[in-house]
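Once you have looked at the hints, place chain P on chain D.
Protein sequences, first through last, are from chains D and P. No gaps in the numbering here: position 114 of the first sequence is 114 in my numbering, and each next residue is one more. No gaps in the numbering here: position 187 of the second sequence is 187 in my numbering, and each next residue is one more.
Honestly, I wouldn't trust all of these hints.
Same chains, same label: a pair holds when it works inside one copy or across any pair of copies.
Once the Cα atoms are required to be at most 20 Å apart in a straight line, the calculated PhoX-like pairs of lysine-lysine come out as [said to hold, decoys possible]:
1) Lys166 - Lys215
2) Lys105 - Lys37
3) Lys218 - Lys146
4) Lys41 - Lys161
5) Lys105 - Lys215
6) Lys72 - Lys105
7) Lys132 - Lys72
8) Lys72 - Lys41
9) Lys37 - Lys80
FYI, nobody ran anything at the bench for these hints, they're computed from the structure.
2 protein chains.
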Amino acid sequence: MRMHLALVLGLVSLVLDGVCASDWNILHHKGDGKGLKISLKNYCESWRVNVEVHNLRDFEVVPHECVEYIGKYMTSTQYKVDSERALEQCTLYLSQEFGLTGDGKDAWIFDVDDTLLSNIPYYKKHQYGGEKLNLTSLEGWMRGRKAPALASSLSLYNEIKGKGIKIFLISNRGEHLRDATVDNLFEVGYTGWTGLILRGDEDCGKSAQKYKAEKRQKLVEEGYRIWGIVGDQWSSLLGHPHATRTFKLPNSMYYA
Amino acid sequence: MRMHLALVLGLVSLVLDGVCASDWNILHHKGDGKGLKISLKNYCESWRVNVEVHNLRDFEVVPHECVEYIGKYMTSTQYKVDSERALEQCTLYLSQEFGLTGDGKDAWIFDVDDTLLSNIPYYKKHQYGGEKLNLTSLEGWMRGRKAPALASSLSLYNEIKGKGIKIFLISNRGEHLRDATVDNLFEVGYTGWTGLILRGDEDCGKSAQKYKAEKRQKLVEEGYRIWGIVGDQWSSLLGHPHATRTFKLPNSMYYA
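Isolated chain D, as found in the complex:
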């Protein structure tokens, strides 16, 4: 999509060329004639990076004019490099002396979806997040056990396991998906975790952040020291108790 538009942000007046003005309803029309001329790429990149730094929250769908841009990014070399760079920072952190005790209480937490397993093949068929979530359809994909591993996550996972750190997976998936999730994880090479924590009945209706923080709290009460969390959603990284370090993987297809 090389479609360009003269998009004037002040914040913000627009002159649109090739896209219906209503498509851009995230922006405010002020019509003051000042501001920047920006391209669709500028617009969509700013959407993406503001999702990544958690300025832009609670979106239900990727803006439809950015579906192509987000699809390109999520299947690009840049996405892979961005992910690898994030995980490389974990490796650097792990190479430092930070008090691992070997008493069996050193812990690390991973998200599952789009952290260990990639749902990009699913989202590719659903406009890379441009379609509103259909849970039945998504869970059908999850039951299919066909999600590939994110290669650099698998490598980091094994590195952490090799250090004798206990690995806990805390996922937004529900308990009814346990078998499918275990099978899928095993199939692509993730083994030897200490806990796979899924949403139970008691977690119904809780926000992802609250649910995940409560599960961490339980681990802390069991004596675990949480040295790091790797996740693609801020809801996995924020809240109490904190991990010593957190690592955010890119994902602008959905907000959970």
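This is chain P only, laid out in the frame that chain D set:
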């Protein structure tokens, strides 16, 4: 800089073409022959986005092979659009009903450097962060009172002031720069704040995050409700007490 390199991340082996291997010492050489071929742009963009999401911390200088890339970004339309999009999210947040009381205790916090005032003209002469910080030189620039306003920040500042929210500026600058800072802020249009908080003798040696959190704590003890923080550094946004929302502006020239 269209210099391309075959850069193979596994994590990570490199074949460099046109750049000395030692330039890339952030990366690990594994020589396993697998992985991605990436360009210098891929490499530097992944550096920048990982700084933005706070995966990459405590860097002293921008990697010198990325100085040109960072300079281009910090002076680009994209930087302006990314900043405006972040501040637009503040405007959306402010347009919601979230309990402003009008009792004079609703508060908002801004950083000063590279949030209200732009130091890009200074860093332009110092390799956009590629040179190690020279505090004497930087403070000379600050004393010169010539930093321009970030246009979209000024607009948001005035919007917040117009709502009767008390504005506090919490800056890493020292008290000895108070006159210069006030003059510079006034000169470019920032007026009417309730407090300009600078580092005093008692803050010497404290990390930026600790110093800023302590100042917020003091505000909370005085009865203020901190509805939002806008800053370009994570150290301005993290720690206790939290603000209800935080907004991260882009800045990959330095880490404070």
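Against the structure, the hints come out as follows:
Proximity of lysine 166 to lysine 215 under the C-alpha cut-off of 20 Å is restricted to the intra-copy arrangement: shortest distance 15 Å within a copy versus 38 Å between copies. With identical chains, the CA atoms of lysine 105 and lysine 37 are never at most 20 Å apart, being 54 Å at best within one copy and 39 Å at best between copies. Taking the closest pair of Cα atoms, lysine 218 and lysine 146 never come within 20 Å of each other, the shortest separation being 31 Å inside a single copy and 53 Å across copies. Neither within a single protomer nor between protomers do lysine 41 and lysine 161 lie at most 20 Å apart by alpha-carbon distance, with minima of 40 Å and 33 Å respectively.
Taking the closest pair of Cα atoms, lysine 105 and lysine 215 come within 20 Å of each other only inside a single copy of the chain (15 Å); across copies the shortest separation is 35 Å, beyond that limit. Taking identical chains as interchangeable, the C-alpha atoms of lysine 72 and lysine 105 are never at most 20 Å apart, the minima being 41 Å within one chain and 46 Å between chains. In this assembly of identical chains, lysine 132 and lysine 72 lie within 20 Å of each other by CA distance solely inside one copy; the values are 19 Å within and 36 Å between copies. Within a single copy, lysine 72 and lysine 41 get their C-alpha atoms as close as 11 Å, and across copies as close as 16 Å, so both meet the 20 Å cut-off.
Taking the closest pair of Cα atoms, lysine 37 and lysine 80 come within 20 Å of each other only across two copies (11 Å); inside a single copy the shortest separation is 30 Å, beyond that limit.
Going through the hint list in order, the structure does not satisfy hints 2, 3, 4, 6.
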